[in-house]
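Enquirer: Protein chains in written order, with the working numbering: chain U, 15 to 156; chain D, 2 to 114.
To be clear, the hints were calculated from the coordinates, so they are not data collected in a lab.
Every residue gets a Cβ at the ideal spot worked out from N, C-alpha and C, and that includes glycine.
Treat the hints with care, as some may be off.
Said to hold, decoys possible - Here are the computed distance ranges between Cβ atoms for each label pair:
# : chain 1 : residue 1 : chain 2 : residue 2 : range
1 : D       : K76       : U       : R133      : 39 to 47 Å
2 : D       : R89       : U       : G113      : 35 to 43 Å
3 : D       : D42       : U       : D42       : 40 to 48 Å
4 : U       : G118      : D       : L5        : 31 to 39 Å
5 : U       : E139      : D       : G111      : 33 to 41 Å
6 : D       : R9        : U       : T105      : 42 to 50 Å
7 : U       : G138      : D       : G111      : 56 to 64 Å
8 : D       : I7        : U       : P77       : 41 to 49 Å
9 : D       : E3        : U       : E140      : 34 to 42 Å
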Amino acid sequence: MECAVIRKVFRTISHPGDSRRLAKETVDVLAGHLADADALHDLDIILTEACANVCRHAYGGRPGPLEVRLAVCPGAWVELEIVDWGKGLGTDVRFENPGPDSEGGRGLYIMRMLSSACRVFRRGEENVVFIHKDIGAARWKT
Amino acid sequence: MENLTIRRESDVLMLKYAGEITLEITGDFKRRLDTELGEGDVRAVVVDLSGVPFMDSSGIGLLVSINTRMRSSGKAFYLYQLSQPVERTLGLVQLLDFFQVLKDEAALSGICG
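Work the whole structure out from these sequences, hints included.
Expert: Right under this line is the structure:
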């Protein structure tokens with residue numbers, strides 16, 4: 015489907031509070047396009063999980079730069095790139111749901127379950143979590 | 002944590018949080034619970050989630066850790082009145098049947114009595 019893709023970039027430092035605010039800021043922009051509360055909640059969780067991962071792991075628990083790159087094709091899809099310049103997740107990337115007693119390790123599983131496509135990769139100095147979410151035409155604002 | 006309300010019904014500790022449960026607050030929540038559990042005998046902990054509009058995997062981890070802690074010491078842990086977003090998130094990670102959930106006041110009275 016051809017569309018005029020809308021792009022926007024959001025930046026912060028990866029403190030827990032600031033990261034959550036970055037996710038909310040992105041969702042606020044998406045709320046201008048999407049009418050469906052469940053789709054917005056899904057994207058809010060995806061963004062919050064990805065940004066929290068940067069807070070916890072990217073810079074060894076210390077703050078560092080965090081960027082969200084948003085692309086919207088109104089009526090069709092949303093794409094997100096959550097980017098950091100830290101140590102990355104390496105090759106040990108697991109999208110499985112851990113056992114019920116596990117206190118962590120659900121973030122990537124949640125992102126995968128709520129998206130149409132989810133990839134984690136390195137591009138030059140950047141560590142990228144890429145999300146593509148198809149959203150049916152009826153769930154958009156006209 | 003001004004959004005956290007704590008009260009005791011005999012030896013049942015009731016916690017109600019109003020707001021988002023994310024990485025930002027889980028550490029403080031655990032520390033408040035630690036303090037409360039150190040002050041008198043507690044048979045069960047109940048967490049009221051009716052006022053939680055958003056919870057991420059940090060919040061899920063918090064609930065799992067409380068559950069593990071209580072059960073490993075022979076005590077009980079219950080969730081009470083899940084908000085719709087919390088129920089959806091716990092369902093997504095297949096934990097709705099893992100936790101003991103009290104759906105209404107009658108169920109709550111049953112464990113406080």
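Enquirer: Each hint should be assessed against the structure and marked as holding or not.
Expert: A quick look at each hint next to the structure:
Checking the proposed 39 to 47 Å range against K76 of chain D and R133 of chain U shows it holds: the Cβ atoms sit about 43 Å from each other. Judged by the Cβ atoms, the range 35 to 43 Å given for R89 of chain D and G113 of chain U is violated: they are separated by roughly 21 Å. As the Cβ distance of D42 of chain D to D42 of chain U is approximately 46 Å, the hint placing it in 40 to 48 Å holds. At about 22 Å, the beta-carbon gap between G118 of chain U and L5 of chain D misses the expected band of 31 to 39 Å.
At roughly 57 Å, the beta-carbon separation of E139 of chain U and G111 of chain D lies outside the given 33 to 41 Å, and the hint is violated. About 49 Å separates the C-beta atoms of R9 of chain D and T105 of chain U, a value consistent with the hinted range of 42 to 50 Å. At roughly 59 Å, the beta-carbon separation of G138 of chain U and G111 of chain D lies within the given 56 to 64 Å, and the hint holds. Range check, I7 of chain D to P77 of chain U: about 31 Å between beta-carbon atoms, so the 41 to 49 Å window is missed.
For E3 of chain D paired with E140 of chain U, a C-beta distance near 39 Å keeps the hint of 34 to 42 Å intact.
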